[in-house]
Amino acid sequence: AQSVTQLDSQVPVFEEAPVELRCNYSSSVSVYLFWYVQYPNQGLQLLLKYLSGSTLVESINGFEAEFNKSQTSFHLRKPSVHISDTAEYFCAVSGRSSASKIIFGSGTRLSIRP
Amino acid sequence: SAVISQKPSRDICQRGTSLTIQCQVDSQVTMMFWYRQQPGQSLTLIATANQGSEATYESGFVIDKFPISRPNLTFSTLTVSNMSPEDSSIYLCSVAQIEAFFGQGTRLTVV
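Protein chains in written order, with this note's numbering: chain A, 1 to 114; chain B, 1 to 111.
It cannot be assumed that every hint is accurate.
What the hints assert, rightly or not - No more than 25 Å apart at the CA atoms, straight line, and that leaves these computed lysine to any residue pairs for SDA-like:
hint, chain 1, residue 1, chain 2, residue 2
1, A, Lys101, B, Gln14
2, A, Lys78, A, Ile112
3, A, Lys101, B, Val111
4, A, Lys69, A, Ile112
As the list claims (entries may be wrong) - Listing some non-contacts, in silico: residues in chain B with all C-beta distances to chain A over 10 Å:
hint, residue
5, Ser5
6, Phe61
7, Gln104
What the hints contain is simulated information worked out from the structure, not anything from laboratory work. Glycine is no exception: its CB is placed at the ideal position from the N, C-alpha and C atoms.
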């Protein structure tokens with residue numbers, strides 16, 4: 001079975017500042033890792049995913065996450081945030097079999113101050 | 001990718017009644033997943049719905065409270081039975097093709 005821990009429930013930052021949202025996972029098997037974003041009053045959207053290959057993955061809006069197997073982490077980073085990045089961010093993990101379910105972390109609320 | 005249509009989008013229900021939520025996918029999928037997202041919280045998996053077999057429920061969720069149907073490879077329903085205010089939540093249907101795709105959810109308020 002897999003589990004996900006998001007260490008910060010809320011992260012307030014100033015606009016144009018860098019941000020890191022932390023995520024650690026636990027699994028006895030190889031995993032896929034995901035970050036989802038939920039903007040206010042909207043559904044969940046996939047932000048980025050790690051399946052295999054390069055451990056650094058990027059999204060189209062400037063976020064990146066790095067898979068670190070030794071530290072079982074998949075932290076999300078952005079060098080300069082914008083007001084429009086205000087949202088809830090969920091880290092998620094699944095096993096690699098076709099029958100695996102996706103388990104979500106508790107979420108991190110990112111609030112951007114002007 | 002997958003396009004998921006879920007209805008109703010929202011409802012306000014009296015306690016003690018039941019609500020059935022429908023989920024339609026634009027392609028055939030083996031497994032469909034039902035999640036609950038309580039106000040200000042993360043997603044909790046309720047059950048996995050497989051076509052042609054009983055749904056598999058997660059710890060804390062039982063079939064009598066959340067019966068699920070899966071009549072074919074593109075459709076599923078979740079019923080929230082004998083509702084109480086504690087069932088007020090967003091219920092989400094999902095399919096996974098490695099990553100998960102979600103419907104827009106059903107916002108349920110029980111009064």
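Against the structure, the hints come out as follows:
1. Lys101(A) with Gln14(B): violated, 32 Å
2. Lys78(A) with Ile112(A): holds, 12 Å
3. Lys101(A) with Val111(B): violated, 32 Å
4. Lys69(A) with Ile112(A): Not OK: Lys69(A) and Ile112(A) at ~30 Å, beyond 25 Å, violated.
5. Ser5: With a cut-off of 10 Å, Ser5(B) remains clear of chain A, as the shortest Cβ separation is near 12 Å.
6. Phe61: holds, 13 Å
7. Gln104: It is violated; Gln104(B) is separated from chain A by about 5 Å at its closest Cβ, not greater than 10 Å.
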